[in-house]
Amino acid sequence: MLIAFFISIALFIVVVESDNVTITRTYHSYDSDETYQRFIQTIYKENAAVYFDSFEYDYDIHYKIRHEHPLEFEKYKYYWSENHEELKEYRHLCEYYFSGHDSLELFRTHYPNNTQPKSFFFHCSFPYSCIGIECQIETRFVLGVIFVLGLILSLYFARKCIMKEIKQMEKIRDQCTRPQYPRGPRFMPPMTPLEAPPPSYNVVFSSTSPPSYESVVRDKVTYTLPSYSSVA
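Residues -18 to -1, 1 to 214 (mature numbering (1 follows the signal peptide of the UniProt record, and there is no 0)) are what the sequence shown spells out, left to right.
Accuracy of the hints is not assured; some may be wrong.
[What the hints assert, rightly or not] The calculated BS3-like cross-link candidates involving lysine-lysine, where the alpha carbons are at most 27 Å apart (straight line), are: (1) 46 with 57; (2) 27 with 46; (3) 100 with 59; (4) 46 with 100; (5) 27 with 57.
Think of the hints as simulated: they come from the structure by calculation, not from any bench.
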């Protein structure tokens, strides 16, 4: 709002309230100087016979206004009176006020009663505002759109960063609370022996009968053990 205020001052824009109609007064703007020159050429050179009754005075051409004809230039219509029938439907009007920077043709323009107009009127629809004799995009509207877009983007990236931090915190918490080994019984596969165990006592002596007494006394006892081979 403050920026728009200073821009209005720089462009010599004055806002006036009149009969529930807001009138924005604007002056010659060098930003639209090319448009202004085309306006003078079109209205006062090419189509002067449509809008004025011309007459010569002091070796200069003067122009008497025909009220029934608004000045039509490109997409605009300019009216010599704010009370024109076509302007009654609008609550906001633009008034272009003549100044020393304007073309001499405007100062040689007269009403039918020979008085001179000091301005003419036109209308700009939202979001456009009056700059010189034309409508340009409303500065406050542009600033508002930029502000809203900036706010939305800021909230989006802030939310994205917060969600990223939350996920990182959850990951760290899970790593701290998770046990080193999973809970519950663990399955151990059976171990394969490297070599076969020795035979048991019963296996060795199952087929061998005990020696007789006489054999023991005579020290003639012999034992024959069954052979077995180890499995690598």
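Given pair status - residue 59, residue 100, alpha carbons within 27 Å | Satisfied, since the Cα-Cα distance of roughly 17 Å is no more than 27 Å.
Is residue 46 close enough to residue 100, meaning Cα to Cα at most 27 Å?
-> 14 Å, holds
Restraint check for residue 46 with residue 57, where alpha carbons must lie at most 27 Å apart = Holds. Residue 46 to residue 57 sits at ~24 Å (cutoff 27 Å).
Is residue 27 within 27 Å of residue 46, Cα to Cα?
-> 14 Å, holds
Has the given pair, residue 27 with residue 57, been kept, meaning a C-alpha gap of at most 27 Å?
-> Distance of about 19 Å is within 27 Å: holds.
In this structure, none of the earlier numbered hints is contradicted; all agree with it.
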